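Turn these sequences into a full structure, and let the hints steer you where they fit.
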Amino acid sequence: MEATISHKILICLGSSCHSRGNAENLKIIQDFVKERKIDSQIDFRGHLCHEMCNRGPVIELDEIVFEEVTPSNLPTILSKHFDKATCI
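Going by our numbering, the sequence shown opens with residue 1, and the numbers climb by one from there.
Simulated from the structure, these hints should not be mistaken for lab results.
Heads up, a few of these hints could be off.
As the list claims (entries may be wrong) - Here are the computed lysine-lysine pairs in the DSBU-like style, where the Cα-Cα straight-line distance is at most 35 Å:
{"no.": "1", "residue 1": "K80", "residue 2": "K27"}
{"no.": "2", "residue 1": "K27", "residue 2": "K8"}
{"no.": "3", "residue 1": "K80", "residue 2": "K37"}
{"no.": "4", "residue 1": "K8", "residue 2": "K80"}
{"no.": "5", "residue 1": "K8", "residue 2": "K84"}
{"no.": "6", "residue 1": "K8", "residue 2": "K34"}
{"no.": "7", "residue 1": "K84", "residue 2": "K34"}
No experiment lies behind these values; they were computed from the predicted model shown.
Shown next, in the form of structure tokens:
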């Protein structure tokens with residue numbers, strides 16, 4: 001039985017968010033999804049821009065927007081969000 005997409009991750013790849021840390025956050029998210037083997041359940045996309053450049057880096061998890069996401073706080077954000085989700 002094949003898993004269906006049940007979660008959405010959007011990462012802003014606009015120049016401001018990218019230069020403020022989303023370049024590194026991209027890799028962290030990819031590793032998180034791969035380590036947990038949930039890639040078949042995640043729609044993971046880059047996008048340009050939430051118009052929140054002054055509050056970036058910005059990511060969105062299942063329509064919840066997170067601002068000022070850093071490589072140090074991203075693992076906690078991902079774990080808290082997806083530990084509550086049915087995919088883990």
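These are the hints, each one checked on the structure:
| no. | hint | result |
| --- | --- | --- |
| 1 | K80 x K27 | 18 Å, holds |
| 2 | K27 x K8 | 16 Å, holds |
| 3 | K80 x K37 | 17 Å, holds |
| 4 | K8 x K80 | 15 Å, holds |
| 5 | K8 x K84 | 14 Å, holds |
| 6 | K8 x K34 | 15 Å, holds |
| 7 | K84 x K34 | 18 Å, holds |
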